[in-house]
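J.: Chain by chain, the residues:
There are 4 protein chains.
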Amino acid sequence: MSESSNRSEERLSGAKVIARALQAQNVQYMFGVVGIPVTEIALAAQELGIRYIGMRNEQAASYAASAVGYLTGRPGVCLVVSGPGLIHALGGMANANMNCWPLIVIGGSSERNQETMGDFQEFPQVEACRLYSKFSARPSSIEAIPSVIEKAVRISIYGRPGACYVDVPADFVTLHANVNSIKCCLCPRRAQYQEAGRTVWIAVPAHSHGQGCRSRQPSELCGCSQVQIDICAEELGNNVKPAVTLLGDINAVTKQLLEQFDKTPWQYPPESKWWNILKEKMKSNEAASKELASKTSLPMNYYTVFHHVQKQLPKDCFVVSEGANTMDIGRTVLQNYLPRHRLDAGTFGTMGVGLGFAIAAAVVAKDRSPGQRVICVEGDSAFGFSGMEVETICRYNLPIIVLVVNNNGIYQGFDADTWKEMVKFQDAVTVAPPMCLLPNSRYEQVMAAFGGKGYFVQTPEELHRSLKQALEDTTAPSLINVMIEPQSTRKAQDFHWLTRSNM
Amino acid sequence: MSESSNRSEERLSGAKVIARALQAQNVQYMFGVVGIPVTEIALAAQELGIRYIGMRNEQAASYAASAVGYLTGRPGVCLVVSGPGLIHALGGMANANMNCWPLIVIGGSSERNQETMGDFQEFPQVEACRLYSKFSARPSSIEAIPSVIEKAVRISIYGRPGACYVDVPADFVTLHANVNSIKCCLCPRRAQYQEAGRTVWIAVPAHSHGQGCRSRQPSELCGCSQVQIDICAEELGNNVKPAVTLLGDINAVTKQLLEQFDKTPWQYPPESKWWNILKEKMKSNEAASKELASKTSLPMNYYTVFHHVQKQLPKDCFVVSEGANTMDIGRTVLQNYLPRHRLDAGTFGTMGVGLGFAIAAAVVAKDRSPGQRVICVEGDSAFGFSGMEVETICRYNLPIIVLVVNNNGIYQGFDADTWKEMVKFQDAVTVAPPMCLLPNSRYEQVMAAFGGKGYFVQTPEELHRSLKQALEDTTAPSLINVMIEPQSTRKAQDFHWLTRSNM
Amino acid sequence: MSESSNRSEERLSGAKVIARALQAQNVQYMFGVVGIPVTEIALAAQELGIRYIGMRNEQAASYAASAVGYLTGRPGVCLVVSGPGLIHALGGMANANMNCWPLIVIGGSSERNQETMGDFQEFPQVEACRLYSKFSARPSSIEAIPSVIEKAVRISIYGRPGACYVDVPADFVTLHANVNSIKCCLCPRRAQYQEAGRTVWIAVPAHSHGQGCRSRQPSELCGCSQVQIDICAEELGNNVKPAVTLLGDINAVTKQLLEQFDKTPWQYPPESKWWNILKEKMKSNEAASKELASKTSLPMNYYTVFHHVQKQLPKDCFVVSEGANTMDIGRTVLQNYLPRHRLDAGTFGTMGVGLGFAIAAAVVAKDRSPGQRVICVEGDSAFGFSGMEVETICRYNLPIIVLVVNNNGIYQGFDADTWKEMVKFQDAVTVAPPMCLLPNSRYEQVMAAFGGKGYFVQTPEELHRSLKQALEDTTAPSLINVMIEPQSTRKAQDFHWLTRSNM
Amino acid sequence: MSESSNRSEERLSGAKVIARALQAQNVQYMFGVVGIPVTEIALAAQELGIRYIGMRNEQAASYAASAVGYLTGRPGVCLVVSGPGLIHALGGMANANMNCWPLIVIGGSSERNQETMGDFQEFPQVEACRLYSKFSARPSSIEAIPSVIEKAVRISIYGRPGACYVDVPADFVTLHANVNSIKCCLCPRRAQYQEAGRTVWIAVPAHSHGQGCRSRQPSELCGCSQVQIDICAEELGNNVKPAVTLLGDINAVTKQLLEQFDKTPWQYPPESKWWNILKEKMKSNEAASKELASKTSLPMNYYTVFHHVQKQLPKDCFVVSEGANTMDIGRTVLQNYLPRHRLDAGTFGTMGVGLGFAIAAAVVAKDRSPGQRVICVEGDSAFGFSGMEVETICRYNLPIIVLVVNNNGIYQGFDADTWKEMVKFQDAVTVAPPMCLLPNSRYEQVMAAFGGKGYFVQTPEELHRSLKQALEDTTAPSLINVMIEPQSTRKAQDFHWLTRSNM
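Chains as they are written, first to last, in our numbering: chain A, 1 to 503; chain B, 1001 to 1503; chain C, 2001 to 2503; chain D, 3001 to 3503.
Calculated directly from the structure, the hints in this document are not laboratory data.
Taking lysine to aspartate or glutamate pairs in the EDC-like style, the calculated list, with each CA pair at most 20 Å apart, reads:
#, chain 1, residue 1, chain 2, residue 2
1, A, K424, B, D1367
2, B, K1183, D, E3115
3, B, K1424, A, D367
Note that the structure is a prediction, hence the values are computed from the model and not measured.
From just these sequences and the hints, can you work out the full model?
T.: Below, the structure is given as structure tokens:
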């Protein structure tokens, strides 16, 4: 019997069809938690060379997969079991959609012939994903899988990128179809003109005499005009009316703008009032930060910590930050020098993204530029959302340094003595303030529990030394637990809402 | 000025109105993660004596709050911030609804006057909860809060119990209303006749000559008739047609049935074929378990572990179990002797519930019968879903013993040597099987990181000794990390689907 | 070949399976508008003896089908095509759900293998019906149709009755299955204890000295206690707190109450203050109505019209009424003497129900008690919602007398002269008031266009005569177009909101 | 007191704020059915010069309003009451969304302070509109109305146009706000580059030797390449892979393409095989139609009717067509010579749109080019969906000629004799086929009932004469009821699905 006739009789399981369809769309990364009925899908994908990263909670898996979309421009996949597994992944879909990041969630679901009979984990999953996705569908047959996956990938990256959901009934996974009936679709090109999702605002002076413009909140911009660039027409003119609206991908539009500028060069007058105001503000900001950073009293404050970290960070590293003050202050002090090398809670202010984002960055870095490090700066409360993922980090030996900036609470906590005093006569269940966490939690031991390096740090010197060691050590991930003043806060802000306490 | 006139001018913030309304409904427990805009609500509730338990992830908080409803018959509250905070809590709502447990979720939401403008974490939250709740609403004013909360509590416990959602816009929290305009509603009584949620099936022999009946799956029942009891009329006759359907609360119905039986005593003939088949089956089951349990080879298997644990468990303890084999086997070996003292993944097969349930049980136990212990038996994969909650356990010093039955994976894992061999030449990212976790993870160190006791256990003797110590030690929570054979499985089952591997 | 083996090879189309499944559930009436892909379903149902009534708009079809559920206790079916056809039927589902009437909507949908590809009229129909139904599902195969239909029928009548939706993909209709694989389910009994849907309030005097109670709005009840009876536990105590709540079917509960009363007879003291107040109020109401009814000035007012109609109505007739004043006043004057013989806009205040309800009543009456008449009293605006259904009435020669109480508008209109004056110089598009309809519209000619009898009536004498003729004429339906004073209104009400103008 | 200070104290009702906000957005047309609580909105809009057209059913109102969006590029408004009123309008929203037509639906809703208490017609309306709209929201205050309406208008016309919903609680309508707090937003410009909604496919020959291309269904295109033009990036490459995809508004893209063609002129070789095949096909189509049209036997067939109508149609008229064969055949014979002058069931195949579309076209025509006529060609079944709107046509004296092509049924019906025979011995309820309507229904009398002209037509001569009269008569609308052969069908089609019977 000839080879070709053999081939024509080859039969593929639904799991393999899914894997092939994803491969045909250049999907390279899959994160998830296996279980009935999706384990076979993970195995089939891995067999075709797609990286499968097993996470400890679908929530973190969904955040990790979404970050891949941002980092590579191609959606990552989040693979989840039926019912609660899918529901745990809704956070990642919501976050991806809000941030305009491409993401594909593939969810197992109950067997079709059990539907309406109360099958195990039966749930209207396609419907449940509607609010969280640009596209949510179940292929009507195994043969329809490739076109639905092509559509999901295409929609996830075209226009404003976002999340898409593909539902896979349990019986699809093991059902077989003739290989010839499976037509994998061409892969949609990542159009050059569809790079960025959200609106970009450019402030331009309204008058030639150059009145200043505070480049912060569009709604505050006065005395200057604004140019709005968005790939989504419906957003043009939303909330405020810009002087000029440009519909298109930010990359394409910027390129065209720059070409025009090259033809008719123009520069903002360097001595204008606007520039001067901006420069002065930057200077005073820097001075205030520096003053705080230089404080030598112990425990340390945020600025001291970030100041020391910033000095040591490799220029090509990824910076992930999460937490309230930790993220807000970190944003202003810790700098990334390469594009798409910073990840944080983003537009939707999502807590729990930190370790998932760090894992995604590290996995992508392993493939793209081995040796690149990921620095994941976490508030202690933030770390709690997904701290168990340090096992994942250790299991895959990912080049991540987690830095927990530990103030014993959300916003602020108590020092150990105050805590002890408090619970001496009353049960903590009755008296512990809602924002307090256990003082002096040894988060670094959580890393050590899985074979990583842990550092407990109370002074700038210890911080310097442990970070140095962590950076030099390329054989294992590290976690540096940095104790700061439990009542430490952010420096006062011009805009009050930036100082209001957050998680 | 008289006191009463003073009183009439008292003004209450929305946060305080919520707390009062909850108190008026006898709500006693609140779990959550504080942040904008709900911190004030937690503070106000705590001030009125409602227990507030700060958790590390809204997911675990939602599971904890739902367990309170099951344990006390009165809904617990899960308090979450807007957007992602609420989305993280959908798992608990879904699980509560499927299990017919009362639960109230209170979610902060963005300020009303920012709606449709893309406010921070703006999301259609009431709509998002529709699929997961019996009732989902936003009070139209501060004055409307008490009646909406009364309605939520009432609906959560009447009929088939379930989850309800109450949305609280950020501006409500700090807005003030005159105390006189706030009318707290009477508390709906927990009707005696509305105790249980899900259908109860009673198998009765169809013929007087007593043909046997396998009392497992109603769909398998043959040769015998069935009586269906449900509080939900629509379920009567669902999927199968029972001989008799009884509409009503299981407690009320059973009481009436028993009263009738007392009048006309009847007993199932003790020597009937049916009884004999059942007894023999129980005997052979016991024997098979015992044989497995008595194996002395190392590493241990599930049955050995549970056998030793069962011997030491206090009769009044709560048993929480989570995992695939861990839960399935644990269910048959580990026994609870008091009603409503066992908690597990339940009808919806939800992973991630374990520590939340244990925390809820411990908090309730502290109030109801101090000294009572909670044994939380977790698979290692299961523990990963919410392992960071050990910090919560330590913070509140809860009487919980976590037992991690560790097989290095989901279903099954590799031993350390196999793992090392595997990653010698290839990156774990490329080759690690989707169901494998890091071998020999020291989960007990995670407990130790927060001041609890950790035990690493490889033999029955170590298991016995450490559990003994943990039970004797009433000053701190413990975690016993029990290494078992990574390929250990369940004994073969009559019903094949009970053996198929699970998470 | 034996007959039984022939039988075993018989193949049934999906359309026939649906028809058989409906028949097995004792469904007797189907209303709809045929088209792709549901025509075959209508044909198959009719072939099995189910009445199929072809309507002119799915909206009216859905109202008609829902009324069958109210009238017979068994749901009627509304059969609609995919996409817009289903969307037009949502009104009937909403209305049925609000009124707690059983209803089954069966909607064709696009072919499964075209899904996600933008098939003709592709729409997420199961999801779209969620808000409007107790149960919404698509059978996963032809074999699953009977059990899904059984479930839909069961849920529609058990507990609080309501609407259910069953989705039928186009390819199901013509696909064939072996007759042996089709198991029609037993029909759920209409439990005696599940007759009525909505809460019933009984006002009982609170004190033995018998203070009066205004038996209108529960929220107004003071000085007396209330007993609440509902089949839905969650409703007990909703909005107001009754003295006693009784959970159960109104019929069963009332029967038990009456049995108790029989044992311990008690009567409300006939000379109590409460009785006297009520009696006086009734007397003055009657006097006011009578005074208005006796006005001889032309055009007539509402009371005159209803007074004359009431005198002539057969005692066994169905009364359908629709409109604002038409319904509100009609309710107080036009009486039905048999239970379930009055139909109107109901709890949800739905306009457009009139002719559909009348058609349903007439079709049911034809089967149950031939000769029985249906009187459908419509405001002129109300008639416009579904006026084309007079063709349906004529086609099936239904014993309906439509009475249009015509005031040339919604609330109120203009007389012909005022109208002419108004449009003399300005286009009606510019000046016609939003509530005005064309004066002196000859609605009776619409009936005549389809072979029915039409009467144009301006005086009490003409009204008397034409109604007499219409009642005597059993060979054709009639429409009596009764002109009344365009500014005619309701008599003043104690409760202001009852007088406020409506549609 | 000065005028300006007077002005600053002016207070506006919510109804007036809505009217002003709509006016600021250049919204010119509103269709609806008034009632509580929206009557005041209609009055306020009319007062500001917005045309208000009172319809007889919200369903038809929603179709009319959507057509205005297509005809003018600016959304029309559909104004509806709460609950059922809104639900009736979902058809228009769905149809607008599918056809990418701008539409604003404004729905009254129950009073905010009654929410969750079961207020009259309380319904989650914003949520209910989600599936049918691009944007669905309730302004959070009267002050927020203008920005929400601006957003609705903007989103309805930008990108792929579609439907938007704005919810107005009853208490907003009469509540007053200070005029100074109301900021009407600038009107979003109708961007030149956002004209068309749906994909345009251009078939281009793949090879220079010019293989033929059947320019009908993209999926059938073989032997030739395709260019896809769409304003929605996500649609590029959907279902089929085009050779070239162009993202942008069809007008802008075409203009640029033509400019390029002008620079490098190119023409398809007039003697190529492809052209010849197309030309021959057109010729044979024409011949077949002509043959059918020239049949002189009575009753007439579709082609005869359309042939005679086509000869008499004014070149500038609007053509609306609705029905199965009526629309399908009408499309090929009846020609419109001006752009956007044809309206029919469209992409979603919606029945019930005919009269609403005709009314919208006539109202727009009155303003834009008085004297222009609207020809509305309806199947008899199609007419039944909204036939009562002839009252609306007569009330506003709109220049519409309705042509009912009457075959006594859906697909096909019976002649009068067959019908009589059928019901001689059996009740029509039992035996009337689901697709049959009453034979020889005199639809023209429905028009006459409201003062329009009615014609009953059975021969080509009568058709010619009555259409001539109708066109000459500019004082009243007309309806021509054209009887055709009840079994008349479409000529056989190359693509079978085009011949399959439809509604």
